[in-house]
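*Asks:* Protein sequences, first through last, are from chains A and B. The first sequence begins at 9 in my numbering and counts up one residue at a time. The second sequence begins at 56 in my numbering and counts up one residue at a time.
To be clear, the hints were calculated from the coordinates, so they are not data collected in a lab. Bear in mind the structure is a predicted one, so any value in this text is a computation, not a measurement. Be a bit skeptical, because a hint or two may be false.
Unchecked claim - Reference listing, derived: stretches of chain B covered by chain A, where coverage requires no fewer than 3 residues with Cβ under 8 Å from a Cβ of chain A:
#, segment
1, 121-135
2, 148-154
3, 369-378
Cβ coordinates follow ideal geometry from the N, Cα and C atoms, glycine included.
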Amino acid sequence: MPKEERIKYFFLLPAVVLILSFLIFPLVYSLYLSITDWQIGKAPEITGFSNYLKAITDKRVHNALSFTLLFMIFTISIETPFALGVAILSQSRFLGNTIFRIIFTAPFFTSPIALSYLSITIFYEEGGPLNNILKLLFNIKVPWISNPNYAFLSLCLIDIWQWTPFLYIIFLAGLESLPREPYEAATIDGASGFQAFRYVTIPLLMPVIITGVLLKMIESLKVFDIIYALTGGGPGIATESYTMYIYKTGFRFFRLGYAAALSYILLIMLMILFTFLAFRLRRVYYE
Amino acid sequence: MVFPMIVTEYIFIIDVIYGKTRSIEEDLKKNMVMNYLTPPKTWDEVKDCAEFFNGWDWNGDGEPEYGLCQSLKVGAQAWFKYLAVAACYSVMPGPVVDRYHNVFHFDPETMEPLINTPGPIRGLEMLIELSKYGPEAMLGWDIGPSWDFFVTKGKAALTWDWGDIARMAQDPKRSVIKGKLKVAPLPGSFEVWDRETNQWKKFDKPIRCGNILGCDWFYVILKHSKNKEAAYHLCAWLSAPEQLFKTVTVIWGSGVDPGWRIHFPPELSDGWGTGNLKEWITVGGYDENDAKSFLRAVYEQYFKSDTFLEYLKIPGAPELMDSLDVHINEALVGKKTPKEALDACAEDWKRIVEERGREQMKRWYQESIGYGLPIRIRPT
Numbered sequence: 009m010p011k012e013e014r015i016k017y018f019f020l021l022p023a024v025v026l027i028l029s030f031l032i033f034p035l036v037y038s039l040y041l042s043i044t045d046w047q048i049g050k051a052p053e054i055t056g057f058s059n060y061l062k063a064i065t066d067k068r069v070h071n072a073l074s075f076t077l078l079f080m081i082f083t084i085s086i087e088t089p090f091a092l093g094v095a096i097l098s099q100s101r102f103l104g105n106t107i108f109r110i111i112f113t114a115p116f117f118t119s120p121i122a123l124s125y126l127s128i129t130i131f132y133e134e135g136g137p138l139n140n141i142l143k144l145l146f147n148i149k150v151p152w153i154s155n156p157n158y159a160f161l162s163l164c165l166i167d168i169w170q171w172t173p174f175l176y177i178i179f180l181a182g183l184e185s186l187p188r189e190p191y192e193a194a195t196i197d198g199a200s201g202f203q204a205f206r207y208v209t210i211p212l213l214m215p216v217i218i219t220g221v222l223l224k225m226i227e228s229l230k231v232f233d234i235i236y237a238l239t240g241g242g243p244g245i246a247t248e249s250y251t252m253y254i255y256k257t258g259f260r261f262f263r264l265g266y267a268a269a270l271s272y273i274l275l276i277m278l279m280i281l282f283t284f285l286a287f288r289l290r291r292v293y294y295e
Numbered sequence: 056m057v058f059p060m061i062v063t064e065y066i067f068i069i070d071v072i073y074g075k076t077r078s079i080e081e082d083l084k085k086n087m088v089m090n091y092l093t094p095p096k097t098w099d100e101v102k103d104c105a106e107f108f109n110g111w112d113w114n115g116d117g118e119p120e121y122g123l124c125q126s127l128k129v130g131a132q133a134w135f136k137y138l139a140v141a142a143c144y145s146v147m148p149g150p151v152v153d154r155y156h157n158v159f160h161f162d163p164e165t166m167e168p169l170i171n172t173p174g175p176i177r178g179l180e181m182l183i184e185l186s187k188y189g190p191e192a193m194l195g196w197d198i199g200p201s202w203d204f205f206v207t208k209g210k211a212a213l214t215w216d217w218g219d220i221a222r223m224a225q226d227p228k229r230s231v232i233k234g235k236l237k238v239a240p241l242p243g244s245f246e247v248w249d250r251e252t253n254q255w256k257k258f259d260k261p262i263r264c265g266n267i268l269g270c271d272w273f274y275v276i277l278k279h280s281k282n283k284e285a286a287y288h289l290c291a292w293l294s295a296p297e298q299l300f301k302t303v304t305v306i307w308g309s310g311v312d313p314g315w316r317i318h319f320p321p322e323l324s325d326g327w328g329t330g331n332l333k334e335w336i337t338v339g340g341y342d343e344n345d346a347k348s349f350l351r352a353v354y355e356q357y358f359k360s361d362t363f364l365e366y367l368k369i370p371g372a373p374e375l376m377d378s379l380d381v382h383i384n385e386a387l388v389g390k391k392t393p394k395e396a397l398d399a400c401a402e403d404w405k406r407i408v409e410e411r412g413r414e415q416m417k418r419w420y421q422e423s424i425g426y427g428l429p430i431r432i433r434p435t
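Sequences and hints are given; from them, build the entire structure.
*Replies:* Printed below as a string of C-alpha cells:
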C-alpha cells in the first residue's frame, strides 16, 4: 500500500483507540463480569445467568424500576407540553425575548450535580427559601425531603427545572424550521390558531417531538445525580432509582458481577425502547 | 472516636430579663428548666428531656425550639445514630466475648442475625419516639444540617453525635453555644435483652454500652506510593504528641477525638491522664467548662462503660449496614413497624451471609469480635 494511503489509518488510530478503550472493552468486560459472582476480595467465578435470575426476584430491583418508570412518565408528561408551549410563545418577537431564552435555558447548561446540591438549600425544610415563601403565603411547611411523596415531587421539580430547557431548545429549533406554506394554506382555509396548531404544527413537528421525548426518556431512565445529592434514595428506598441501586450494588456493596448484570439489563431495556420508538418515528416521518 | 451525648445549657438569666415568654405555661416551664439539665442516664430520660424542651421558646429568640435534632437521612449516618440507641438494650455485658455476651450483630455460633431480637427492636421504638421531638426535616438530614441546627442556630436542646460537636461549638464565628455545653456519655438502660434466658434482664443501675463506632482513624501508605519513606515520616510527625494534640483540638477539623493519656487532664480522668486542661483552653481555644465536660465524658465513655459496641468488620458489612439503614428509615417514616422493619433487615442479612458463605462469614465474624477473649475496658 502506498505511504499516502497508509497515513489515513494513522489518523483513524486515536478514534479507534478511544472507542476500543472506553466503549468496546468496557462493554465486553462488563458482559463477562455479569456472568461471574465477582466481589471485592474474592476471585471471580463464572456462575452463568444467576445474576440475571437474581435480578428478576430482587424486590429492590422491582422497587427501583417502579420508581424510575413513574419518574420518567411524570416528568416527561409535564416537560413536553410545558417546553412546547414556551417554545411556541418564544417564537413571537417580544421585548426581552433573547434575555428570556438565555435565562430559561440556563439550568440545562449547569452541571446537574451543582443544581442538585443547590436544591438541598432550596428545599431545606427548616428555613429554606421555598418553605419560607409557603409559610409567608399559606402558613404551611412542606416536608420536601423527609416525606416519601414529597421527596418524589421534589426530584421531579428539579428534573423539570433542568430538562425542560433541553426539550425547549429542540422544539424551538423544530418550530423554526417548519415551512410557512402549510400555515398560509390553513389561514386561507379559515383555520383558527388552535386548529393550525392541532392540524398543522403538531403533525409537522411530531418527528421532533418524538426525538425529544425519546432522548429525555433515555435520560430519565438513567437518573442518578439529583437523587444522590438530594434524597440519597430515601426516605427508605422510596426514591431509589435503578441506576442508584446499580451504583450502590457496585460501589458500596462491591458486588461487581451483580452490578454489571443490572447494568446490562438496563442497556437491554434502553435498546428495546429505542428500537420501538425509532421504528415509530420512522413510520410517523414517512407518513 | 467516641460518641458522647451533648446537651445544651442556656443562660436563663437572659431569658428572664427579656421576658420573652408568651404564656403562663412557658413561664412555668422556664422555672423547671434546671430540672431537665442534668445529663440523662437512660434513653427514657432523654425522651423526657426532649419532650420538655420541644415546641416552646426557651432561648428568647421569638420562635419555638425543638427538644432534639439528629441526622436521620438514608445513605448518610442514620444507622450510627440508631445503633447508639439500640446497643444498650441489646449488648449484654460480661467478662468475655461469648455467644450471649458482648455481641450485637450475629449469633457467633450460628451466624443468625440478632438485629430483630427484642433489644434492637426496642432501640428502634425508642428512636422513633425520640424523633417526634425534633424537626420532621431531620429525616432528610445528613450530619451537616444537623450540626448546623445545633451549633450554629442553637435550635435544639440536645443531640447525640460524634465528638466533632464539642470542637465545632468552640468556633467563635459560627457557634452560638460556646460555653453552654454539657456533655455526657451515651445513656444506658435498666433492662437488657438476655438471649440466654429469652427475657429482659433488669439491673439496679443503667447498663451503658460504650460506643466506639468510628473509633479507628489510621494512616495508610499505598504500596504504589513513590515516596513511601517520606509518607511514613509525615505520618510519624503527625502522630507526635504536639501535632496530634492540634489534630484533636482543631476547630471544624480532623474528626479525631482525644484518646491518648496526654489528652486527658488527670483531674478529669481519675488520675489516669497526663494532659493539661490549660492547653485545651489556650491552644485548642476551648471554653473551660465545655472542655471539662467533654473530656470527662470521653473518658467515661471509654473506661466507665459496662460493655462496647464495635463496627461490624467483616466482608459484606457495607451491604449489611445499608440494609439496616434502609429499613430503619422505613420505620422512621412510618412505612413499617419497628418489628417489620428489623425482620426485613434480618431476612436481608441472612441472604447476604448465605451468598458470601455462612461458614466463612462465621469465622471472620468470630475473629473480628475477639470471640472467646476477655474484654478490656479499663485503662492500662
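*Asks:* For which of the previously enumerated hints does the structure constitute a violation, in increasing order of number?
*Replies:* Violated: hint 2 alone.
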